[in-house]
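Chemist: Sequence:
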Amino acid sequence: MNKPWRKSTEEFITFMKRVYRFFLSVVCLSGLGCEVPPTSSPSVSSEISRLKITDLAPSKNPIVEIQCGFAVVAYRLSSEQAQSVPKTLSMLNIKKTTFSDSEAFESNGLWVAAGTFEQTAEVVDALNKLGAKQLGTKQLFMFQNYPGEITGFSVEPGRTLFYFGAGKTPIAKQVPGGRLSLMLWARPDTPQRGFASVRIEPFFQPGVFLNGGGGNALFENLSFREGRLLTTMAEGDFLVLTVPKEEELSIFSRFFLPAHFQESARLLYLIICQKAGE
307 MNKPWRKSTE
317 EFITFMKRVY
327 RFFLSVVCLS
337 GLGCEVPPTS
347 SPSVSSEISR
357 LKITDLAPSK
367 NPIVEIQCGF
377 AVVAYRLSSE
387 QAQSVPKTLS
397 MLNIKKTTFS
407 DSEAFESNGL
417 WVAAGTFEQT
427 AEVVDALNKL
437 GAKQLGTKQL
447 FMFQNYPGEI
457 TGFSVEPGRT
467 LFYFGAGKTP
477 IAKQVPGGRL
487 SLMLWARPDT
497 PQRGFASVRI
507 EPFFQPGVFL
517 NGGGGNALFE
527 NLSFREGRLL
537 TTMAEGDFLV
547 LTVPKEEELS
557 IFSRFFLPAH
567 FQESARLLYL
577 IICQKAGE
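If you're matching positions, the sequence shown starts at 307 in our numbering and goes up one per residue.
These are calculated hints, taken from the structure and not from any lab test.
Do not rely on the hints blindly, as some may be mistaken.
[To be verified] In silico lysine to aspartate or glutamate, EDC-like type, Cα no more than 20 Å apart, as pairs:
no.: 1; residue 1: Lys-479; residue 2: Glu-462
no.: 2; residue 1: Lys-439; residue 2: Glu-386
no.: 3; residue 1: Lys-401; residue 2: Glu-412
no.: 4; residue 1: Lys-551; residue 2: Glu-386
no.: 5; residue 1: Lys-435; residue 2: Glu-424
no.: 6; residue 1: Lys-474; residue 2: Glu-554
no.: 7; residue 1: Lys-393; residue 2: Glu-428
no.: 8; residue 1: Lys-479; residue 2: Asp-407
no.: 9; residue 1: Lys-435; residue 2: Glu-386
no.: 10; residue 1: Lys-474; residue 2: Glu-553
no.: 11; residue 1: Lys-479; residue 2: Glu-554
no.: 12; residue 1: Lys-474; residue 2: Glu-552
no.: 13; residue 1: Lys-402; residue 2: Glu-424
no.: 14; residue 1: Lys-581; residue 2: Glu-455
no.: 15; residue 1: Lys-479; residue 2: Glu-553
no.: 16; residue 1: Lys-401; residue 2: Glu-424
no.: 17; residue 1: Lys-393; residue 2: Asp-431
no.: 18; residue 1: Lys-581; residue 2: Asp-495
no.: 19; residue 1: Lys-581; residue 2: Glu-541
no.: 20; residue 1: Lys-474; residue 2: Asp-407
no.: 21; residue 1: Lys-551; residue 2: Glu-409
[What the hints assert, rightly or not] Quick list of simulated restraints, FRET-style, between CB atoms:
no.: 22; residue 1: Glu-412; residue 2: Lys-444; range: 25 to 31 Å
no.: 23; residue 1: Lys-401; residue 2: Glu-428; range: 17 to 23 Å
no.: 24; residue 1: Ser-460; residue 2: Glu-554; range: 15 to 21 Å
no.: 25; residue 1: Gln-450; residue 2: Thr-404; range: 23 to 29 Å
no.: 26; residue 1: Thr-496; residue 2: Ser-396; range: 31 to 37 Å
no.: 27; residue 1: Gln-389; residue 2: Asn-527; range: 32 to 38 Å
no.: 28; residue 1: Thr-394; residue 2: Ala-540; range: 20 to 26 Å
All residues carry an ideal CB built from backbone N, CA and C; glycine is no exception.
Throw the hints in and build the complete structure from the sequences for me.
Modeler: Now the structure itself:
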């Protein structure tokens with residue numbers, strides 16, 4: 307005599323799959339977090355026997371731990387307004403940052419000054435009075451020694467990058483196609499809890515291109531010490547970075563030109579430290 311709950315092997319597996327999917331949907335609605343597997347998952351009954359409710363709970367430790375965080379506020383100025391920035395922001399500290407080559411940094415038209423949280427309102431007010439227009443804010447998160455891009459642009463294959471070394475010495479470097487970025491690196495400062503060690507520099511990342519032998523070759527990444535600055539920042543500290551007077555022959559000046567710009571437009575970056583370690 308056949309009993310009503312007896313089924314063929316195939317019907318039984320189909321029945322168990324439905325039970326499994328129903329179980330997972332209940333767990334998801336309970337807030338434990340999971341993803342329903344595809345219906346083609348093999349060995350459903352054996353998977354259920356090994357499944358524990360704790361396996362479905364979200365991990366207590368995130369996969370990636372954010373070590374440092376920054377907000378980059380971009381402003382647009384006219385060339386005349388940009389020339390007035392050093393005087394307008396004279397209350398800021400221009401000696402807190404160090405450079406791999408301070409003379410080369412200046413030769414490329416770059417200017418930077420540092421401020422503290424208490425000076426933020428004063429600086430924003432000064433920029434508004436100067437006529438600077440805020441364009442937007444970009445968030446940068448640092449983890450596992452990965453940098454964040456402040457700004458950047460594509461470089462055509464075979465282009466020569468021109469910039470200056472110390473004493474206004476011209477330098478030319480030919481590169482393949484890729485991207486030239488103004489990168490920010492940051493990591494918690496181990497001796498000083500609550501501080502971040504910060505490095506900002508131009509950085510070229512090449513794309514894959516065909517070499518003479520017909521194979522793929524990868525050109526090495528390039529960092530440019532002539533535009534590098536180093537500093538230590540606490541939460542709330544900020545940097546102001548711009549080109550008061552554009553150095554047209556330096557490729558670094560292009561970081562400070564808007565994507566859709568009028569001929570005399572310049573960019574200024576207000577870089578605020580929001581998180582410096584634990």
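Chemist: All hints are to be evaluated individually against the structure, with a verdict given for each.
Modeler: A quick look at each hint next to the structure:
1. Lys-479 - Glu-462: holds, 13 Å
2. Lys-439 - Glu-386: Given that 20 Å is the threshold and the Cα spacing comes to 14 Å, the pair holds.
3. Lys-401 - Glu-412: Roughly 13 Å separates the two Cα atoms, so the pair holds.
4. Lys-551 - Glu-386: holds, 9 Å
5. Lys-435 - Glu-424: At roughly 19 Å apart (the allowed maximum being 20 Å), Glu-424 and Lys-435 satisfy the hint.
6. Lys-474 - Glu-554: holds, 13 Å
7. Lys-393 - Glu-428: Status holds; Cα separation ~14 Å.
8. Lys-479 - Asp-407: The hint holds at about 18 Å.
9. Lys-435 - Glu-386: It holds: about 14 Å lies between the C-alpha atoms, which stays within 20 Å.
10. Lys-474 - Glu-553: holds, 11 Å
11. Lys-479 - Glu-554: Holds, at roughly 16 Å.
12. Lys-474 - Glu-552: Holds, at about 14 Å.
13. Lys-402 - Glu-424: holds, 16 Å
14. Lys-581 - Glu-455: Holds - the C-alpha atoms of Glu-455 and Lys-581 are around 17 Å apart, at most 20 Å.
15. Lys-479 - Glu-553: holds, 17 Å
16. Lys-401 - Glu-424: Holds. Lys-401 to Glu-424 sits at ~18 Å (cutoff 20 Å).
17. Lys-393 - Asp-431: Holds, at roughly 14 Å.
18. Lys-581 - Asp-495: holds, 12 Å
19. Lys-581 - Glu-541: The hint holds at about 6 Å.
20. Lys-474 - Asp-407: holds, 12 Å
21. Lys-551 - Glu-409: Holds: Lys-551 and Glu-409 sit about 16 Å apart, inside 20 Å.
22. Glu-412 - Lys-444: 25 to 31 Å: Given about 26 Å between the Cβ atoms, the range holds.
23. Lys-401 - Glu-428: 17 to 23 Å: Taking Cβ atoms as reference, Lys-401 and Glu-428 lie about 19 Å apart, which means the hint holds.
24. Ser-460 - Glu-554: 15 to 21 Å: holds, 20 Å
25. Gln-450 - Thr-404: 23 to 29 Å: Because 25 Å falls inside the window, the suggested range holds.
26. Thr-496 - Ser-396: 31 to 37 Å: About 34 Å separates the Cβ atoms of Thr-496 and Ser-396, which means 31 to 37 Å holds.
27. Gln-389 - Asn-527: 32 to 38 Å: Holds - the Cβ-Cβ distance for Gln-389 and Asn-527, about 34 Å, lies within 32 to 38 Å.
28. Thr-394 - Ala-540: 20 to 26 Å: Since Thr-394 and Ala-540 have Cβ atoms about 24 Å apart, the given range 20 to 26 Å holds.
Violated hints: none; the structure is consistent with every hint.
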